[in-house]
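Sequence lines, in order, name chains A and B.
Take the first sequence: its letters are residues 2 to 82, numbered as in this note's numbering.
Take the second sequence: its letters are residues 209 to 517, numbered as in this note's numbering.
Rather than coming from a laboratory, the hints here were simulated on the basis of the structure.
Since we're looking at a predicted model, the values are computed, not measured.
Each hint should be verified, as a subset may be incorrect.
Stated by the list, open to error - With a cut-off of at most 20 Å between alpha-carbon atoms, the simulated SDA-like pairs for lysine to any residue come out as follows:
#1 A:Lys57 / B:Lys411
#2 B:Lys477 / B:Asn496
#3 A:Lys79 / B:Asn496
#4 A:Lys6 / A:Phe56
#5 B:Lys375 / A:Pro60
#6 B:Lys468 / A:Glu29
#7 B:Lys468 / A:Arg52
#8 B:Lys468 / A:Lys6
#9 B:Lys468 / A:Glu17
#10 A:Lys33 / B:Lys411
#11 B:Lys469 / A:Pro60
#12 B:Lys468 / A:Lys79
#13 B:Lys450 / B:Gly339
#14 A:Lys57 / B:Gln394
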Amino acid sequence: MERGKIIETINLFLIEEIEIEEDLLNEEALLKEDLGIDSLDFVDVVVIVEREFGFKIKPEEMTDVKTLGAFYDYIEKKVNS
Amino acid sequence: MKRAWSGKTQGGKWGQQFVLYYFKYGSLRLLYLVLYFVIPFYLIFDRKGYRAMRWYAQKVGNKNRKWHLPFVFRIYKSFGQLFLDRFSMLGNPKRRFHFEIINQTLFDQFYYGEKGFLLVSAHVGNFELFGYTIKENLKIIHPILFGGEAEVYQRMRKSIFTEHQIKPIILNPTGDYIFEIHNALQSGNIVSMPADRTYNEIKDFTTPFFGYDAKFPIGVYQIAATLEIPVLSIFVIKTGYKKFRVYIDQVSDNQFSGRKKEQAVQMGKKYVAQLEKVLKQHPSQWYNFFPFWDQQIKDLNINKKKYGE
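Extracted from the complex, chain A is given alone in its bound form (with noise of 0.2 Å):
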């Protein structure tokens, strides 16, 4: 899957149902601190990118992501893996 792609189905979730402004989501953006993404936000993630994507997200792989870039970095890995 492309990374286009990836980023277009990502951002529309967040935009959609996190409530997310379209400006803030760039890739430098901390998804906690920037982005207000917390644990309960987290709950819906795990699911769209489980619908989406097509596995399960793992919380020992996430421990390094900070950032929506790293996001997803780590959303094209696994589904390209």
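Starting from the known structure of chain A, fit chain B onto it as the hints suggest.
Showing chain B alone in chain A's frame:
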């Protein structure tokens, strides 16, 4: 001003160890009697708890001032009995307790179904005992626990947890528990938790409760709405010596509509209505010993002298 539960359960480590030791050599009734000597100390020295409960007595119960102290005493007594009953079952699982279950068929419908579900209770009555009565072990029960509880209590529970397929999920700052909750529900198991206390940065919603605005956590219902998981409320109320009535009701509803957050609030309000209904019948089994209502916070701060500080 946001109030939240500190994460620590009432009753110190030494107190709990003493109860455990004493329980082995005495009857439960005798231990109940000991409470009559212990409670006056709580009434005198647990000023915050006493003030919170007296406000509750004034607003929720009888307006007559003479009635307040006996009522607060009854709350402490039933709270003490709650621990003794719990220790009694933990220390001697063969001891018989009688449960009258209201809406057993509703519970069975979900328990014998394939889907996981959420079981929400409150710091009312003795919710924990219910889990130990389920013998069939068809589903694993995952109670959400706070790390602040005394170690001896957690240690005691481990043995009975193993026997009854109860695997706690501990709330931790890293947020890993979200994955555990998700996996447990997706695997068709039960996640249970009290849903009446806000804790640290937990998201909440405000709704009238006994006529006054109060904050309740919203997260549990957001999870339910996201995962499309049913939610049941359960309140285990003491009705006599070793006798309990279990009120079970459905919180989730296919009729709820709107965005997930709106559905979550609808569920939350339904839970609060169910909680209030049960408490109206059993007002002395309410164990939130801190300012719970927004108005209570204002009143206790304004009238400090009146409440003994």
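For each hint, the structure was consulted:
no., hint, in the structure
1, A:Lys57 / B:Lys411, "violated (25 Å)"
2, B:Lys477 / B:Asn496, "holds (19 Å)"
3, A:Lys79 / B:Asn496, "violated (46 Å)"
4, A:Lys6 / A:Phe56, "holds (16 Å)"
5, B:Lys375 / A:Pro60, "holds (19 Å)"
6, B:Lys468 / A:Glu29, "violated (28 Å)"
7, B:Lys468 / A:Arg52, "holds (17 Å)"
8, B:Lys468 / A:Lys6, "violated (25 Å)"
9, B:Lys468 / A:Glu17, "holds (11 Å)"
10, A:Lys33 / B:Lys411, "holds (15 Å)"
11, B:Lys469 / A:Pro60, "violated (24 Å)"
12, B:Lys468 / A:Lys79, "violated (28 Å)"
13, B:Lys450 / B:Gly339, "holds (16 Å)"
14, A:Lys57 / B:Gln394, "holds (11 Å)"
Of the numbered hints listed earlier, those contradicted by the structure are 1, 3, 6, 8, 11 and 12.
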